[in-house]
Amino acid sequence: MSNTSDIVNDAAATTGTRRTTLAADASPQSAAEYVRAALKRMRGGDLGPLPIIFGLVLIVIIFQSLNDKFLTPHNFVNLIVQMAGVTAIAYGVVFVLLLGEIDLSVGYVSAVVGVSLVVMLRPGSVDSPTMFVWYTALPIALLIGAAIGILHGLIITTFQVPSFVVTLAGLLAWNGVVLAVIGEGGTLILQDQTILGVANSYLPPEWGWIAAVAVVAWFGIGTYLRTRARRKKGLHTTPISVTVVQVVAFAFVILFAVYVVNQDIVCHTVSDQNVCVQRGVPVVGVILLLLLVSLTFLTERTRFGRYIYAIGGNKEAARRAGIKVERTRVLVFMLSSLLAGVGGVILASRLRSVDTNAGGGQLLLNSIASAVIGGASLFGGRGKISNALLGALVIASVENGMGLLNISDAAQFIVTGLVLLAAVIVDALSRRRLAQSGVA
Amino acid sequence: MAQENSSTQPLLQLKGVSKHFGAVQALSKVDFEAKVGEVMALVGDNGAGKSTLIKGIAGIYSFDEGEIYFDSKLVHIHNPRDSAALGIEVVYQDLALADNLDVVANMFLGRERVRPPFSLDEGSMELSSIETLNSLSVTTLRSVRQTVAGLSGGQRQAVAVAKAVMWNSRLVILDEPTAALGVAQTRQVLDLVRRLADRGLAVVLISHNLHDVFEAADRITVLRLGQNVKVYSAKQTTQQEVVHAITAGTLQSVPGMN
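The listed protein sequences derive, respectively, from chains X and W. Position 224 of the first sequence, counted from 1, bears residue number 224 in the working numbering, the numbering being contiguous throughout. Position 120 of the second sequence, counted from 1, bears residue number 120 in the working numbering, the numbering being contiguous throughout.
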């Protein structure tokens, strides 16, 4: 009966595995085999995060050789704070790109949320104190962002209009709202200490170490438990030696990063006074990592995330599988605007104010470019939340490095554009390679 | 290979179903049946009404008249959920797989198992996928964790079929499963079709390729211009006879003349 190819079955029978003949057989058993399989995948065009890590190393080498201030703890801390707003927005852009859609409104939606927050926290006079404190104003501001996203999503799905056009309309309209609230040429100062602390406070060094150790332990134990569970079921697992290397490498990166930022003991201007402070892990850095972990969980370990990928890969298949496609799309646009709002809060906190330029300039394009440079596909179905972080790191490094060298905005824009172009070309080439080799 | 099922009651039985779209009579008073453990081929020229018939069974739309019996009970199928609830699964020609997802994710798409509170139970889904594929003797896949984009046409068909049979389905309808395949892969898929029937499912095979039909089917229903021409036993007929029925079979009524 099964005369097609019994080779796999026979092989499994001799190795004595249970009914899992399929997976157990193709899995690499030793570290050497694992590395060989990985190299084979790479030759086939599946480069993973390699190009971007290579690009980052290149950027670091170039800027460090041109200016020795680039690779300093102080600049590293600055870099994290500078990239935080764009990164949060780019997290949301990844969701939209996974669907194969686009959200052009994220820049000004972030501004609307930032402005709403600052307005709600404006100090009142003595006889009429402000009715909001930060813990009521912040959720309300973020809810405004989510509501804007739901509005976009409902318009897109109800009238079946391309998201490009709807969010382009949003770009214009929300820009108008920001201008209307702030007033001509005005600037609104943010004075709430808690919200200011978002982008301007740092964990004490010992807290940074505790957090780092906790993260490493969590990653290590999580990996161990998952591997054990899979092995119990007789499923294919990564060789132990490879897993150990992965955990050690992860631990090294995290601990080294915390070590570096804890070295940043400098005199720094705080509230117009020159005081010496010891900075450490920026609070925004922790926020970015928490968002990264929770959003990665959402996309890769939940039904909702699975449905986003399915819709991005084959909308019709998703519909026939009973997935509520339109509801998922609305929720994704909600997430996009909500995360743009988070970015808006971070930006308002970093700049200590909002003005008529809020949400404009390079913000939108840098957010989308971050996701794309990081490896998220513009055609849907391919990408990870971590892409946004890596891409934002590249863009922020280029801007930061060129800023240190006092290079003009003009040149900065051109270089950022070329980096984006290079990323897209690498993606296109690797995709073509993938199609040719027939493995994915 | 064909089992002797002539005495058993058909699992699915259509009696005198009709369907028209505007002025076009796509189906008129067609009888059709599918039995457990049997591959029933549905053949006919373009426009003979094959697609209309299976879409009616799948619940994409309802028939205008006629009765559907499932397990000898009169049933009403108004939407795809009704037919899925009966255990009817259709594997469409375009397969409806998401290329960017792996085999497991595709097989469980829309019916993922969740471990409370809300994380996907990947291990258990992977085990079930492997079990189903192995039970169908689909052994050409390297791993169930590779994405569908990297699979050959035959492998994709196998995944789509495995997806359909995983849900305790009792009747599987395959729409042109070999249309885009090469010789070796066609062979694999036809073997797979046979195994489905041998597992105790009722199988309906729609195909243009009579060679494939004679290879896999036990009985053959010929449709012509929306009418049931004849049901043949594959063993007791020839390709020539079936071709003749498809192109010039006797009709009960000539369209446009009544």
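The reader is advised that the hints may include incorrect statements.
The list that follows gives simulated cross-link-like pairs (lysine-lysine, DSSO-like), each with its CA atoms no further than 27 Å apart [unchecked claim]:
{"no.": "1", "chain 1": "W", "residue 1": "Lys55", "chain 2": "X", "residue 2": "Lys324"}
{"no.": "2", "chain 1": "X", "residue 1": "Lys315", "chain 2": "W", "residue 2": "Lys55"}
{"no.": "3", "chain 1": "W", "residue 1": "Lys73", "chain 2": "W", "residue 2": "Lys29"}
{"no.": "4", "chain 1": "W", "residue 1": "Lys15", "chain 2": "W", "residue 2": "Lys230"}
{"no.": "5", "chain 1": "W", "residue 1": "Lys55", "chain 2": "W", "residue 2": "Lys230"}
{"no.": "6", "chain 1": "W", "residue 1": "Lys73", "chain 2": "W", "residue 2": "Lys55"}
Honestly, the hints are just simulated from the structure, not real lab data.
**Request:** For the pair supplied as a hint, X/Lys315 and W/Lys55, confirm whether the alpha-carbon distance does not exceed 27 Å.
**Result:** Roughly 20 Å between the alpha carbons, so the hint for X/Lys315 and W/Lys55 holds.
**Message:** Does X/Lys324 sit within 27 Å of W/Lys55, going by the straight-line distance between their CA atoms?
**Reply:** holds (21 Å)
**Request:** Mind checking the alpha carbons of W/Lys73 and W/Lys55 for me, to see if they're no more than 27 Å apart?
**Result:** holds (20 Å)
**Request:** For the pair we were handed, W/Lys55 and W/Lys230, check the Cα-Cα distance against 27 Å.
**Result:** holds (21 Å)
**Message:** Tell me if the straight-line CA distance from W/Lys73 to W/Lys29 falls inside 27 Å.
**Reply:** Measuring from Cα to Cα gives roughly 19 Å; hence the hint holds.
**Request:** Could you grab the alpha-carbon distance between W/Lys15 and W/Lys230 and see if it respects the 27 Å cut-off?
**Result:** With a Cα-Cα distance of about 14 Å, the restraint between W/Lys15 and W/Lys230 holds, given a limit of 27 Å.
Hint violations for this structure: none, all hints satisfied.
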